[in-house]
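S.K.: Sequence:
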Amino acid sequence: ERSRLVVTGLLAAQVLLGLVSYVAGDRPGENLHLLYGLVSVSFLPFAGSFAAEAPPKPRSWVLAAGGLLTLGALFRSWATGS
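According to the numbering used here, numbering within the sequence shown proceeds without interruption in unit steps and concludes at 87.
Bear in mind the hints are in silico, worked out from the structure with no lab data behind them.
Glycine is no exception: its CB is placed at the ideal position from the N, C-alpha and C atoms.
Incorrect hints may have been included.
Said to hold, decoys possible - Label pairs and their in silico Cβ distance ranges:
1) 73 - 36: 34 to 40 Å
2) 18 - 54: 16 to 22 Å
3) 77 - 26: 36 to 42 Å
4) 63 - 30: 41 to 47 Å
5) 26 - 67: 28 to 34 Å
6) 77 - 8: 17 to 23 Å
7) 61 - 24: 34 to 40 Å
8) 62 - 21: 33 to 39 Å
9) 15 - 85: 18 to 24 Å
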């Protein structure tokens with residue numbers, strides 16, 4: 006649980022830095038980069054809330070899937086460039 010919160014906090018900090026950079030005029034190469042940033046910061050909290058009442062084993066699978074989706078969104082964000 007703490008790891009998920011730490012990772013989500015780090016992703017939120019990265020999104021905030023990206024927004025500051027965007028406002029300062031440093032735009033990404035593609036606007037799709039912005040969507041990937043928002044999606045990547047939302048997968049883990051959504052997975053955590055979705056599996057909050059689940060037994061431990063199914064909860065682990067849901068959180069693992071949320072982590073994999075987050076990694077996929079982060080990779081796509083990196084691949085679109087800045």
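S.K.: Now tell me, hint by hint, if it's right for this structure.
M.R.: The hints, checked one at a time:
no.	hint	in the structure
1	73 - 36: 34 to 40 Å	violated (25 Å)
2	18 - 54: 16 to 22 Å	holds (20 Å)
3	77 - 26: 36 to 42 Å	violated (23 Å)
4	63 - 30: 41 to 47 Å	holds (46 Å)
5	26 - 67: 28 to 34 Å	holds (32 Å)
6	77 - 8: 17 to 23 Å	holds (18 Å)
7	61 - 24: 34 to 40 Å	holds (36 Å)
8	62 - 21: 33 to 39 Å	holds (35 Å)
9	15 - 85: 18 to 24 Å	holds (20 Å)
Hints 1, 3 from the list above are not met by this structure, while the remaining hints are.
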